[in-house]
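*Asks:* Whenever a hint applies, use it, and build me the whole structure from the sequences.
4 protein chains.
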Amino acid sequence: MGDKQVRIGMIGYKFMGKAHSHAYRDLPFFFDLPLVPVMQAISGRDEDGVHTAAQKMGWASHESDWRKLIQRDDIDAIDIVTPNHLHAEIAIAALEAGKHVLCEKPLSVNVEDAKRMLAAAHKSGKVHMICHNYRFSPAVQFAKKLIREGRLGRIYHFRGLYLQDWLMDPDSPLEWRMRKEQSGSGAHGDLASHMIDLARFLVGDIAEVVGTMETFIGARPLPDQEAPEEITEMGEVDVDDASAFIVKFKNGAIGTFEATRFAGGNRNGNRFEINGERGSIRWDLESLNVLEVYLKDDEAGLQGFRNITCTESEHPYGNVYWAPGHNIGYEHTFLGLIREFLNGIATSRCPQPSFADGLQNQMVLEAVEKSSQSRQWVSVE
Amino acid sequence: MGDKQVRIGMIGYKFMGKAHSHAYRDLPFFFDLPLVPVMQAISGRDEDGVHTAAQKMGWASHESDWRKLIQRDDIDAIDIVTPNHLHAEIAIAALEAGKHVLCEKPLSVNVEDAKRMLAAAHKSGKVHMICHNYRFSPAVQFAKKLIREGRLGRIYHFRGLYLQDWLMDPDSPLEWRMRKEQSGSGAHGDLASHMIDLARFLVGDIAEVVGTMETFIGARPLPDQEAPEEITEMGEVDVDDASAFIVKFKNGAIGTFEATRFAGGNRNGNRFEINGERGSIRWDLESLNVLEVYLKDDEAGLQGFRNITCTESEHPYGNVYWAPGHNIGYEHTFLGLIREFLNGIATSRCPQPSFADGLQNQMVLEAVEKSSQSRQWVSVE
Amino acid sequence: MGDKQVRIGMIGYKFMGKAHSHAYRDLPFFFDLPLVPVMQAISGRDEDGVHTAAQKMGWASHESDWRKLIQRDDIDAIDIVTPNHLHAEIAIAALEAGKHVLCEKPLSVNVEDAKRMLAAAHKSGKVHMICHNYRFSPAVQFAKKLIREGRLGRIYHFRGLYLQDWLMDPDSPLEWRMRKEQSGSGAHGDLASHMIDLARFLVGDIAEVVGTMETFIGARPLPDQEAPEEITEMGEVDVDDASAFIVKFKNGAIGTFEATRFAGGNRNGNRFEINGERGSIRWDLESLNVLEVYLKDDEAGLQGFRNITCTESEHPYGNVYWAPGHNIGYEHTFLGLIREFLNGIATSRCPQPSFADGLQNQMVLEAVEKSSQSRQWVSVE
Amino acid sequence: MGDKQVRIGMIGYKFMGKAHSHAYRDLPFFFDLPLVPVMQAISGRDEDGVHTAAQKMGWASHESDWRKLIQRDDIDAIDIVTPNHLHAEIAIAALEAGKHVLCEKPLSVNVEDAKRMLAAAHKSGKVHMICHNYRFSPAVQFAKKLIREGRLGRIYHFRGLYLQDWLMDPDSPLEWRMRKEQSGSGAHGDLASHMIDLARFLVGDIAEVVGTMETFIGARPLPDQEAPEEITEMGEVDVDDASAFIVKFKNGAIGTFEATRFAGGNRNGNRFEINGERGSIRWDLESLNVLEVYLKDDEAGLQGFRNITCTESEHPYGNVYWAPGHNIGYEHTFLGLIREFLNGIATSRCPQPSFADGLQNQMVLEAVEKSSQSRQWVSVE
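Here the protein sequences come in this chain order: G, H, Z and P. The first sequence begins at 1 in UniProt numbering and counts up by one. The second sequence begins at 1 in UniProt numbering and counts up by one. The third sequence begins at 1 in UniProt numbering and counts up by one. The fourth sequence begins at 1 in UniProt numbering and counts up by one.
These are calculated hints, taken from the structure and not from any lab test. One thing to keep in mind: the hints can contain errors.
The list cannot tell twin chains apart, which means a pair is met if one copy fits it or any two copies do.
Calculated pairs, DMTMM-like style, for lysine to aspartate or glutamate (alpha carbon to alpha carbon, straight line, at most 20 Å) [what the hints assert, rightly or not]:
1) Lys56 / Glu381
2) Lys250 / Glu381
3) Lys145 / Glu299
4) Lys144 / Asp284
5) Lys115 / Glu340
6) Lys123 / Glu149
7) Lys68 / Glu233
8) Lys4 / Asp284
9) Lys14 / Asp65
10) Lys4 / Glu89
11) Lys248 / Glu112
12) Lys56 / Glu149
13) Lys144 / Glu299
14) Lys14 / Asp74
15) Lys296 / Asp171
16) Lys14 / Glu175
17) Lys4 / Asp32
18) Lys370 / Asp32
19) Lys14 / Asp73
20) Lys14 / Glu236
21) Lys18 / Asp48
*Replies:* Printed below as a string of structure tokens:
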């Protein structure tokens with residue numbers, strides 16, 4: 001284990017903050033790291049909240065103004081886990097302050113911001129990364145290996161779903177994820193962005209899209225700050241509850257995508273299937289250790305999807321975590337990602353997915369939004 | 001068991017002819033029918049082939065010219081299982097000859113023909129039906145019952161896949177299903193039409209569509225009639241290998257559809273999921289007895305998809321076939337459908353799906369074709 | 001299709017009678033048979049019931065006394081689907097009358113009767129068969145092929161379950177299946193006998209057993225013939241509700257078996273897994289077209305159970321029924337079995353499973369009963 | 001988060017040591033603990049190995065003699081993760097030294113040692129616990145809750161499997177797990193002990209057993225310490241490769257158990273099903289977040305196993321880890337267990353499973369061993 005360290009400052013501390021914090025703590029246990037992360041400081045506007053969170057999650061200090069945090073000399077890298085509309089401003093300021101930056105997805109609320117972020121990253125020469133953690137599931141990494149080795153041959157189809165159901169209750173109050181100004185979009189940026197990243201990682205770049213974005217419940221109760229139980233006013237939902245789109249990849253494959261928060265019974269159904277000329281694969285986040293693999297060249301009569309639990313020594317991270325058949329959970333996807341971030345800082349090479357990937361992703365998201373308005377196919381720039 | 005009969009003449013005798021023939025034979029064993037089908041005659045151009053088929057499948061006589069068949073006085077109803085481009089001519093002639101008509105799907109190769117068929121049906125006053133057999137899986141019938149009773153509430157999503165893989169080999173020769181003139185389209189009319197029927201049956205009519213149709217392998221070997229082993233020429237594939245489209249239902253639900261013959265490992269993957277405000281259902285033809293049902297009002301902590309094998313006395317056909325947990329197979333979907341056809345003839349009421357449904361279906365298929373060309377949303381008339 | 005026929009007389013006509021009748025009707029449609037079965041006559045004590053059943057199921061005539069049936073000159077083979085305690089008397093009489101005999105399982109209610117039945121069969125020189133239909137699921141036949149070819153290597157484990165739940169209601173009335181005199185045993189003879197047959201078919205003969213038989217509900221309402229709604233008396237259940245036993249096969253493998261009617265939610269859960277030195281297989285009647293296959297020599301990293309739908313041309317019956325991915329149901333297991341019976345008659349060679357298999361099966365059943373009493377291991381003779 | 005601490009000394013540091021160490025590190029992140037564990041010291045005979053392990057896993061110091069460790073004043077509790085034959089000596093010494101003790105399973109290599117351990121625990125008045133971690137899977141805890149609330153009613157069946165395949169290669173060398181002196185037994189103590197604990201936890205105490213223990217490969221290569229590649233000698237395997245047994249619970253339920261290292265394709269298949277008069281449940285370690293639940297009182301026609309992902313706020317630990325549908329992995333079972341250990345120390349109340357549970361477990365294990373020799377049913381004392 002190296003003695004060298006990288007001092008992290010994290011901005012935001014809710015659900016994603018918890019997932020990132022856990023990863024920083026857990027990483028040195030499993031991996032030999034070139035740089036050991038030091039949980040230096042977090043920031044949040046609510047002084048009490050951020051203080052408690054720092055203690056609970058193991059951060060050495062805290063700030064109630066993120067601007068102070070990024071100016072601190074004792075911090076090398078900034079991790080942004082705020083609502084989406086703050087990403088651009090914080091990331092650019094952090095890069096300008098000479099910090100490496102890890103940013104939650106989606107990169108921003110529009111393409112313009114994403115471009116400015118990438119430009120700032122290039123100008124700074126610092127390491128930049130976007131947090132599409134599902135790439136780092138061992139099964140997805142193994143899928144990538146199979147595809148890279150040509151085991152699926154030419155790809156014909158990508159078919160992705162991200163189905164959730166936490167917003168189906170019409171009495172569920174309006175929060176930042178349902179306001180365009182703060183989130184950019186609804187299920188689209190939150191869920192479809194993950195699928196787009198997986199599709200780009202595994203299949204390649206997307207040339208054009210057509211699709212639709214739907215809002216099933218157009219108004220929701222506004223939480224009354226004084227008396228949250230008393231709903232007196234309704235607020236407009238100006239983001240999508242669901243998006244569905246079809247894409248053409250640059251390599252000729254076609255893709256279908258659907259993201260929704262209105263698919264009852266699907267708590268966190270992030271799934272894809274890829275069909276190639278020599279084989280197919282399937283993955284489902286709710287069974288994240290498993291990759292289903294079909295190989296066309298299997299002996300006739302013995303052809304079928306194989307149920308492969310990616311915990312063997314031949315699989316990515318197979319010797320790092322536990323043992324064959326000993327499953328890992330959701331949180332490990334962040335370990336894989338942040339390890340790449342640390343490796344990138346150590347070697348001064350930008351890891352993937354970078355802000356460039358984030359921009360590409362945002363361009364696909366925005367092309368779908370445009371298509372939803374123009375009602376026709378839209379090129380991804 | 002009634003003494004009354006309906007005498008059937010079937011035109012065509014390949015795979016679908018086998019499935020229909022089996023159903024005619026099997027129906028009286030399971031059901032008390034108002035009219036017992038008599039397998040009177042089949043027709044086919046190849047005299048030897050049709051003779052052998054008649055003997056093998058139990059038809060009393062055969063013809064090598066379908067025009068003769070529909071003129072025979074000893075035939076009450078015509079069952080059409082030919083390639084698609086013949087449906088219109090045969091159906092119209094049969095209706096004009098005063099026969100009831102059951103026609104395989106898709107109803108025709110274009111909307112114009114479908115309209116002529118429906119007009120002829122209306123003019124004739126005879127019973128007309130299109131063979132979308134999957135409606136008659138007990139699990140799908142049970143799904144319909146749940147939806148009709150409001151158990152799913154308002155429907156938000158229909159998500160359908162029909163994935164096959166039998167055409168992935170580029171050396172697979174050109175046959176009628178790959179020629180537009182004979183089949184109208186490829187995976188689209190063959191597979192998507194089934195999904196459209198299920199979606200219309202369960203969710204309702206479709207208002208508009210956007211989508212694409214792709215041909216992955218543009219040329220295939222032409223079988224040499226003299227020496228089929230020697231491939232000397234290639235022929236153009238002018239139909240789609242895959243189609244993907246998004247729809248808006250008239251009731252506000254959105255739907256996604258994908259039909260392909262290039263999804264390796266999916267031999268016959270006809271699947272759908274429907275999400276409503278009170279619950280969700282899933283069905284998969286490869287496990288056709290099972291309906292997965294999620295009910296939002298289930299006790300908290302005990303919510304999850306239930307795996308229901310639809311073989312109980314509470315399920316459609318539950319007391320007709322075997323016993324709880326004793327699965328039925330593919331062939332039974334035809335029994336359910338043809339029983340409706342016979343009931344329709346007995347009661348002079350047109351059963352569903354009728355030619356009107358076939359026309360609606362064709363209109364959706366054609367709207368997708370138009371969208372694939374115009375690259376924008378297209379209304380379904 | 002051959003012109004030669006074999007004329008069948010069936011004794012009994014309830015659930016199993018329906019399954020057998022359907023198979024006789026359905027066989028000529030799918031198979032080229034050396035002998036075509038003619039549904040000549042059925043018998044049953046209830047004149048009205050047997051008359052209706054004959055008409056409904058397509059039998060040409062009926063008798064109310066099985067003794068008359070077996071004496072008829074126009075009958076070549078007897079099919080016994082009565083309660084278990086009648087098997088021996090009927091089978092022996094039928095063999096003595098020069099008929100071929102197909103008998104439902106279990107062969108008898110005790111080993112002594114089974115021995116007399118086998119002796120009568122040998123003496124008669126006629127074809128004899130026991131109806132263990134699950135052997136003839138395409139997936140089970142394919143499993144047999146894999147094992148015969150050595151694809152699993154030396155077998156270590158057989159693990160069988162037959163779980164049902166139809167008898168869990170304590171108010172469910174006493175019927176013949178719960179009376180030792182008529183059924184011999186409960187879940188044991190009814191369900192475990194099927195597993196024993198599958199185990200013997202796939203793994204080999206059983207050397208010794210240890211086990212237990214349990215009755216969870218010791219008394220049940222006696223149906224009042226006059227007023228079935230009024231339960232005035234309770235009757236003793238003198239058979240098992242469940243049996244569980246461990247076996248050693250002659251080849252050194254060990255086996256575990258559990259049969260029960262008290263496994264809620266398992267309507268018809270007949271499942272097994274076999275582990276050998278080179279691979280493993282799994283089968284489940286509730287998904288009867290599928291064989292899960294694990295091959296130890298698969299490439300490292302790509303090892304996992306393959307989900308194989310046994311409907312390909314490489315699979316048993318693959319070209320007989322429908323097409324890849326088009327599942328068959330429960331009823332087809334009887335077609336495969338009765339076809340063997342007909343082949344046996346045509347070739348004068350006794351097919352398997354024969355009465356000799358039925359006797360071996362009965363010996364295992366009885367050894368478990370003895371073990372349940374003696375509370376120690378018992379050799380299978 | 002409390003300021004109070006409990007200082008841990010761990011003896012052994014291989015696979016289980018890694019799992020325990022991770023839990024100590026991870027616990028304070030997720031839980032508000034009454035006592036915070038301090039990773040004070042580990043011991044191991046290999047000075048280099050233990051030094052590296054201490055650094056890697058985060059232990060403050062290390063010893064090469066466990067006797068020194070348990071005498072250290074700066075240690076409050078001892079965690080034993082050594083091979084089985086050392087458990088008794090270490091645990092007793094630690095208890096005598098006034099330490100709380102957490103011991104890996106099985107408690108010992110025989111009942112006699114287990115009794116001495118329990119006696120020492122009682123005499124010491126210290127907290128004692130055995131590490132059956134699978135009890136602490138959220139889904140298993142939820143199963144316990146359902147059973148405790150009577151949701152399954154009277155229990156009829158427990159059916160447990162623990163299937164692995166890591167020892168199937170005959171060239172796999174002899175190690176301590178295959179030597180009776182060091183491990184007590186093979187698959188039996190290693191795997192069956194886990195099932196016995198789950199069965200006792202969920203169903204209740206076991207009255208009597210009958211079973212068998214098998215060794216499929218009787219001799220294995222002895223690793224040559226000098227040149228491990230050169231196998232010159234074979235050593236006898238004197239433990240079981242597999243055990244299978246049937247039990248009667250004191251409450252009248254029956255249970256079947258099978259543990260094996262020879263079930264190809266089952267990397268870590270720890271599964272059970274429980275059937276009661278009102279419902280059934282199923283669990284599988286390879287899908288550890290899911291509990292399948294069948295409720296007999298569900299509406300007719302809608303009955304089926306529900307697939308419940310136990311990550312909701314209504315589930316045990318539901319608010320502690322991530323969010324609905326965000327799965328946890330194997331390692332979390334240790335968090336739940338060690339948290340109980342810490343709670344026990346904080347409250348001076350012995351948590352379950354205690355050494356008393358370990359002794360009961362050992363008594364069942366030994367009764368099976370005796371039955372395997374005597375070939376008859378054996379009472380559990």
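*Asks:* Does each hint hold? Answer for all of them.
*Replies:* Against the structure, the hints:
1. Lys56 / Glu381: Neither way: lysine 56 and glutamate 381 sit 45 Å apart in one copy and 48 Å across, limit 20 Å.
2. Lys250 / Glu381: within (12 Å within a copy, 33 Å between copies)
3. Lys145 / Glu299: Answer is between; shortest inter-copy Cα gap is 14 Å, intra-copy 23 Å.
4. Lys144 / Asp284: Intra 15 Å, inter 28 Å, cutoff 20 Å: intra-copy only.
5. Lys115 / Glu340: Classified as neither; 23 Å inside a copy, 51 Å across copies.
6. Lys123 / Glu149: neither (35 Å within a copy, 62 Å between copies)
7. Lys68 / Glu233: neither (36 Å within a copy, 69 Å between copies)
8. Lys4 / Asp284: Intra 37 Å, inter 42 Å, cutoff 20 Å: neither.
9. Lys14 / Asp65: within (16 Å within a copy, 45 Å between copies)
10. Lys4 / Glu89: neither (30 Å within a copy, 42 Å between copies)
11. Lys248 / Glu112: So lysine 248 and glutamate 112 fail the 20 Å test inside a copy (23 Å) and across (31 Å) alike.
12. Lys56 / Glu149: neither (44 Å within a copy, 34 Å between copies)
13. Lys144 / Glu299: Cα proximity of lysine 144 and glutamate 299: across copies only (17 Å, versus 24 Å in one copy).
14. Lys14 / Asp74: Cα proximity of lysine 14 and aspartate 74: none, with 23 Å in one copy and 37 Å across.
15. Lys296 / Asp171: between (49 Å within a copy, 15 Å between copies)
16. Lys14 / Glu175: within (14 Å within a copy, 47 Å between copies)
17. Lys4 / Asp32: within (12 Å within a copy, 31 Å between copies)
18. Lys370 / Asp32: Answer is neither: 45 Å inside a copy and 48 Å across each miss the 20 Å cutoff.
19. Lys14 / Asp73: Answer is neither; intra-copy 25 Å and inter-copy 40 Å both fail.
20. Lys14 / Glu236: neither (25 Å within a copy, 57 Å between copies)
21. Lys18 / Asp48: within (16 Å within a copy, 36 Å between copies)
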